[in-house]
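Q: Spelled out, the chains give:
4 protein chains.
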Amino acid sequence: MTDTWNTAITEIAPNSVRVRGYDIAELMGHVSFGAAVYLILRGELPDAATGRLMDAIVVSSIDHGQTPPSVLAARTVASTGATLSASVAAGIMSINRHHGGAIENCARQLGQIIEKAEKDPEKLDAAATAFLAELKARTQRMSGFGHRIHTADPRTARLFALAQEAGATGLHVQAARAVERCFEASGKKLPINVDGAIGAILADLGFAPEVMNGLFMIARVPGLVAHVAEEQARMKPMRRVVPGKAIYDGPEARKLPDTV
Amino acid sequence: MTDTWNTAITEIAPNSVRVRGYDIAELMGHVSFGAAVYLILRGELPDAATGRLMDAIVVSSIDHGQTPPSVLAARTVASTGATLSASVAAGIMSINRHHGGAIENCARQLGQIIEKAEKDPEKLDAAATAFLAELKARTQRMSGFGHRIHTADPRTARLFALAQEAGATGLHVQAARAVERCFEASGKKLPINVDGAIGAILADLGFAPEVMNGLFMIARVPGLVAHVAEEQARMKPMRRVVPGKAIYDGPEARKLPDTV
Amino acid sequence: MTDTWNTAITEIAPNSVRVRGYDIAELMGHVSFGAAVYLILRGELPDAATGRLMDAIVVSSIDHGQTPPSVLAARTVASTGATLSASVAAGIMSINRHHGGAIENCARQLGQIIEKAEKDPEKLDAAATAFLAELKARTQRMSGFGHRIHTADPRTARLFALAQEAGATGLHVQAARAVERCFEASGKKLPINVDGAIGAILADLGFAPEVMNGLFMIARVPGLVAHVAEEQARMKPMRRVVPGKAIYDGPEARKLPDTV
Amino acid sequence: MTDTWNTAITEIAPNSVRVRGYDIAELMGHVSFGAAVYLILRGELPDAATGRLMDAIVVSSIDHGQTPPSVLAARTVASTGATLSASVAAGIMSINRHHGGAIENCARQLGQIIEKAEKDPEKLDAAATAFLAELKARTQRMSGFGHRIHTADPRTARLFALAQEAGATGLHVQAARAVERCFEASGKKLPINVDGAIGAILADLGFAPEVMNGLFMIARVPGLVAHVAEEQARMKPMRRVVPGKAIYDGPEARKLPDTV
Numbered sequence: 002m003t004d005t006w007n008t009a010i011t012e013i014a015p016n017s018v019r020v021r022g023y024d025i026a027e028l029m030g031h032v033s034f035g036a037a038v039y040l041i042l043r044g045e046l047p048d049a050a051t052g053r054l055m056d057a058i059v060v061s062s063i064d065h066g067q068t069p070p071s072v073l074a075a076r077t078v079a080s081t082g083a084t085l086s087a088s089v090a091a092g093i094m095s096i097n098r099h100h101g102g103a104i105e106n107c108a109r110q111l112g113q114i115i116e117k118a119e120k121d122p123e124k125l126d127a128a129a130t131a132f133l134a135e136l137k138a139r140t141q142r143m144s145g146f147g148h149r150i151h152t153a154d155p156r157t158a159r160l161f162a163l164a165q166e167a168g169a170t171g172l173h174v175q176a177a178r179a180v181e182r183c184f185e186a187s188g189k190k191l192p193i194n195v196d197g198a199i200g201a202i203l204a205d206l207g208f209a210p211e212v213m214n215g216l217f218m219i220a221r222v223p224g225l226v227a228h229v230a231e232e233q234a235r236m237k238p239m240r241r242v243v244p245g246k247a248i249y250d251g252p253e254a255r256k257l258p259d260t261v
Numbered sequence: 002m003t004d005t006w007n008t009a010i011t012e013i014a015p016n017s018v019r020v021r022g023y024d025i026a027e028l029m030g031h032v033s034f035g036a037a038v039y040l041i042l043r044g045e046l047p048d049a050a051t052g053r054l055m056d057a058i059v060v061s062s063i064d065h066g067q068t069p070p071s072v073l074a075a076r077t078v079a080s081t082g083a084t085l086s087a088s089v090a091a092g093i094m095s096i097n098r099h100h101g102g103a104i105e106n107c108a109r110q111l112g113q114i115i116e117k118a119e120k121d122p123e124k125l126d127a128a129a130t131a132f133l134a135e136l137k138a139r140t141q142r143m144s145g146f147g148h149r150i151h152t153a154d155p156r157t158a159r160l161f162a163l164a165q166e167a168g169a170t171g172l173h174v175q176a177a178r179a180v181e182r183c184f185e186a187s188g189k190k191l192p193i194n195v196d197g198a199i200g201a202i203l204a205d206l207g208f209a210p211e212v213m214n215g216l217f218m219i220a221r222v223p224g225l226v227a228h229v230a231e232e233q234a235r236m237k238p239m240r241r242v243v244p245g246k247a248i249y250d251g252p253e254a255r256k257l258p259d260t261v
Numbered sequence: 002m003t004d005t006w007n008t009a010i011t012e013i014a015p016n017s018v019r020v021r022g023y024d025i026a027e028l029m030g031h032v033s034f035g036a037a038v039y040l041i042l043r044g045e046l047p048d049a050a051t052g053r054l055m056d057a058i059v060v061s062s063i064d065h066g067q068t069p070p071s072v073l074a075a076r077t078v079a080s081t082g083a084t085l086s087a088s089v090a091a092g093i094m095s096i097n098r099h100h101g102g103a104i105e106n107c108a109r110q111l112g113q114i115i116e117k118a119e120k121d122p123e124k125l126d127a128a129a130t131a132f133l134a135e136l137k138a139r140t141q142r143m144s145g146f147g148h149r150i151h152t153a154d155p156r157t158a159r160l161f162a163l164a165q166e167a168g169a170t171g172l173h174v175q176a177a178r179a180v181e182r183c184f185e186a187s188g189k190k191l192p193i194n195v196d197g198a199i200g201a202i203l204a205d206l207g208f209a210p211e212v213m214n215g216l217f218m219i220a221r222v223p224g225l226v227a228h229v230a231e232e233q234a235r236m237k238p239m240r241r242v243v244p245g246k247a248i249y250d251g252p253e254a255r256k257l258p259d260t261v
Numbered sequence: 002m003t004d005t006w007n008t009a010i011t012e013i014a015p016n017s018v019r020v021r022g023y024d025i026a027e028l029m030g031h032v033s034f035g036a037a038v039y040l041i042l043r044g045e046l047p048d049a050a051t052g053r054l055m056d057a058i059v060v061s062s063i064d065h066g067q068t069p070p071s072v073l074a075a076r077t078v079a080s081t082g083a084t085l086s087a088s089v090a091a092g093i094m095s096i097n098r099h100h101g102g103a104i105e106n107c108a109r110q111l112g113q114i115i116e117k118a119e120k121d122p123e124k125l126d127a128a129a130t131a132f133l134a135e136l137k138a139r140t141q142r143m144s145g146f147g148h149r150i151h152t153a154d155p156r157t158a159r160l161f162a163l164a165q166e167a168g169a170t171g172l173h174v175q176a177a178r179a180v181e182r183c184f185e186a187s188g189k190k191l192p193i194n195v196d197g198a199i200g201a202i203l204a205d206l207g208f209a210p211e212v213m214n215g216l217f218m219i220a221r222v223p224g225l226v227a228h229v230a231e232e233q234a235r236m237k238p239m240r241r242v243v244p245g246k247a248i249y250d251g252p253e254a255r256k257l258p259d260t261v
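Residue numbers (this note's numbering), protein chains in the order written: chain A, 2 to 261; chain B, 2 to 261; chain C, 2 to 261; chain D, 2 to 261.
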């Protein structure tokens, strides 16, 4: 039995680190982190507009306050005196089917609608209607539509606008629109949410559904680090981390400076 | 006992997600992920050059092939049939004092040299000499200098050039240079490595040492996701993940396209 | 929305801790850990023979040296300077479908054979033959039979003997024997292994398949703690944890003292 | 560089698994899990009374209802759809300095009192008084005394009684009594709690402080498995796991049957 194995991600040699063939030192300063994420997961560099879109996608999910279980788990673990890395890891472990998973699920479901429509944009509305009826018959739900808190999430509109700019609105985004129309026709106000929008756009960019949760992890780690650092700095050990009881006391609402 | 608690990171309201006061929908498309990371950890937006520097810092650490324990742990866990999130979490848990920790340790040690020099750039060489002698007497090591594999890491030079551009080379970077001169004077070739460079630059940017490992986690998650996805796609479950036995079979070395 | 929720495991009151109704202070000294594990997972105390069987089951899986991925992951994480709890957690995270999971899978498959035999012991051989043929047609494998290293695992014989004593050899154990006969008839030497034996016995004891991996975690934590403690005490940080390269240098083979 | 390494825990050979020299198949049915835990961590089998004491120690910490952060973290992670092993791992990661850590801290502090008394039982009261005064001067606390919920924890009395039987009440247990007397003399009712009792007894049994948290992990995993299994069976995904809001609805208080 040989113990060698192969990897196609990064080549290490003395004084050289190449990701998918590109020297990291050359990438630094020339591509954004979003573009580098695209490169490492897809194997090729994105064009400039897609790179910007990637940054927007990960920025959109950088944090959602104290409400998600990933933050509650990370803070609960941190409250026991755990290290930063163990606490953040507990947050990452919380990103699963029911938390972040709507991105992947929605992408898969939109893919099934596209298949049902035989990839013909004209047939997407009929396919969406049939697909939703089937889901209902199996008492299943469409992922990525509707939200506990947000009814008109500004992140969603922004994502679609940036995807449009990048030419990344293909059949999945169109299928998502078809689903929205279908819900509306049946009297339900269930707009696509930020997870659904990310799932549709990533699918149109060609990402495989099984790495989409990975993009959510990449996006959310800075939020988790910030929450754990805040827990360690501001809170007493072993406090009860009560969900829904956090009061925001950070900077007031402010506009982006023109210089950004 | 009241169960309310405070957080200053993100404010959630219906149809509004504000990070440190800024609407995420406004940040999307206007700031890179590196700039958003700076914002969420520091509380303020960076200027444009610092934003670019932040992207370069996280790009520089996005992956280091199959050599680090974080990748070996993540792949070993993945080989048991674990989920993507559990496998990535095992990688994150491996970022500690001895892995990634040189960033924080080096920043702290440079801070001690600066203190010893009473913040006077003229006194940094003498302070570094004295500090290294003290370390030696305690049989301790200076963190962030020298590397198992790289003797002239191109990432380091690139980081310092970008830090220069961003005006982010303050006392910590100068102290690092003093340490290099000091090693050279004593006949040792121990140049600052990429971890040391990041530690010096982050300290000059004003980051607290205790969140620096967090920046390394943020940077490395895409690499971990890529390795776990590759393990799941290419390898058999329960294989032996033998360190040092991976052979790179990805794209050959290539130049960045001009269009990036 | 009310925030209260229910739990039927342990009742805490001032100066009282009751597990499934029994005062822990009364359990202490009167029941073994194996019996307490049965109680907390099943809700009732086992009889004395079943309690002893439970101890034997968890003792049988307390460690398997340096070969399993759980130990390699735990040691790899420990080598980075992680805490004991984070390192042990990385080991636990490695207990999944492909590692330890044969216990649960085998129990489920034996359950399907029993169903096929309409719970009639006379029909188990025919049902096993049919079931294995179906598996083969789907290119699937029977879990819990055969072993990489052990061809006649003494733990297995011991488990069945203790199960016999405890009167815990019901249909699942009989179905396992039917599978062995079926393999033998087709010229394959694939005896039931320790995981398969545990799965069959736990199923006959009435454990649900979905908690069986939990029993393996309970059993293996002492081994993980011992390995992490040894790693921290004997090894250098950041060493390569190479699978298959460990040399045993502990006490030589010895007999149990009569006094035990 | 050689890649071989040593381990003194378990020797694996075809059809043989030996823990610290003893064949696991022989241990099964002859020693309880508590005795096997002692063996794997200490290298030698305990005598029968110490084996029973070990079982009592791990039984005493098998669960503490829904109050500890380890359970809250495990349930929060489970609520996202995580696997059993990832959820239990999140619980394990919560066992740290502030949760379970009193066992180790108390053992260390009692060790310091014993040193101050020059191992002379006659001098323990004076040493305890001096030590507590020093702690107070440094605004530090004695670990393992007093409890949020329990003022006269029946588990503590039971542990000391069983330790007495096993002849395991040496200087650490005596030092703990000296600390209690000292608190009482100064008008404080701060009896030793279950963690302090375990720390004192384990230290008298010769366990190193750095593995004591490991014993707490070993003890608590069955509780974590039971809580995660209950969460998966009874609760909706993504529910808010609110600390302090659980209502016990399990079996009513009941006496141990005589047959146990």
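One should not assume that every hint holds.
Same chains, same label: a pair holds when it works inside one copy or across any pair of copies.
[As the list claims (entries may be wrong)] In silico DSSO-like links for lysine-lysine, alpha-carbon gap of 30 Å or less:
{"id": "1", "residue 1": "Lys117", "residue 2": "Lys256"}
{"id": "2", "residue 1": "Lys137", "residue 2": "Lys246"}
{"id": "3", "residue 1": "Lys237", "residue 2": "Lys256"}
{"id": "4", "residue 1": "Lys237", "residue 2": "Lys190"}
{"id": "5", "residue 1": "Lys237", "residue 2": "Lys120"}
{"id": "6", "residue 1": "Lys237", "residue 2": "Lys189"}
{"id": "7", "residue 1": "Lys190", "residue 2": "Lys137"}
{"id": "8", "residue 1": "Lys137", "residue 2": "Lys237"}
{"id": "9", "residue 1": "Lys124", "residue 2": "Lys246"}
{"id": "10", "residue 1": "Lys124", "residue 2": "Lys189"}
{"id": "11", "residue 1": "Lys246", "residue 2": "Lys120"}
{"id": "12", "residue 1": "Lys256", "residue 2": "Lys124"}
{"id": "13", "residue 1": "Lys256", "residue 2": "Lys137"}
{"id": "14", "residue 1": "Lys256", "residue 2": "Lys246"}
{"id": "15", "residue 1": "Lys237", "residue 2": "Lys124"}
These aren't lab readings, by the way, just hints derived from the structure by calculation.
Q: The structure should be examined with respect to each hint, and the outcome stated for every one.
A: Status of each hint after checking the structure:
1. In this assembly of identical chains, Lys117 and Lys256 lie within 30 Å of each other by CA distance neither inside one copy nor across copies; the values are 44 Å within and 42 Å between.
2. In this assembly of identical chains, the alpha carbons of Lys137 and Lys246 never lie at most 30 Å apart, being 35 Å within a copy and 34 Å across copies at closest.
3. In this assembly of identical chains, Lys237 and Lys256 lie within 30 Å of each other by CA distance neither inside one copy nor across copies; the values are 33 Å within and 39 Å between.
4. Proximity of Lys237 and Lys190 under a CA criterion of 30 Å is satisfied inter-copy only: 24 Å between copies versus 43 Å inside one chain copy.
5. In the homo-oligomer, the alpha carbons of Lys237 and Lys120 never lie at most 30 Å apart, since the shortest distance is 56 Å inside one protomer and 34 Å across protomers.
6. In this assembly of identical chains, the alpha carbons of Lys237 and Lys189 lie at most 30 Å apart only when taken from different copies (24 Å versus 45 Å within one copy).
7. With identical chains, the CA atoms of Lys190 and Lys137 are at most 30 Å apart within one copy only, with a shortest distance of 16 Å there and 49 Å across copies.
8. Proximity of Lys137 to Lys237 under the C-alpha cut-off of 30 Å is restricted to the inter-copy arrangement: shortest distance 20 Å between copies versus 47 Å within a copy.
9. Proximity of Lys124 and Lys246 under a CA criterion of 30 Å is satisfied in neither setting, with 47 Å inside one chain copy and 51 Å between copies.
10. Taking CA atoms no more than 30 Å apart as the test, Lys124 paired with Lys189 passes inside one copy only; the shortest distance there is 21 Å, against 54 Å between copies.
11. In this homomeric assembly, Lys246 and Lys120 never come within 30 Å of each other (Cα to Cα): the closest approach is 47 Å inside a single copy and 44 Å across copies.
12. Proximity of Lys256 and Lys124 under a CA criterion of 30 Å is satisfied in neither setting, with 42 Å inside one chain copy and 43 Å between copies.
13. Neither within a single protomer nor between protomers do Lys256 and Lys137 lie at most 30 Å apart by alpha-carbon distance, with minima of 43 Å and 50 Å respectively.
14. Taking the shortest Cα distances, Lys256 and Lys246 sit within 30 Å of each other inside one copy (27 Å), while across copies they are farther apart (40 Å).
15. Neither within a single protomer nor between protomers do Lys237 and Lys124 lie at most 30 Å apart by alpha-carbon distance, with minima of 58 Å and 36 Å respectively.
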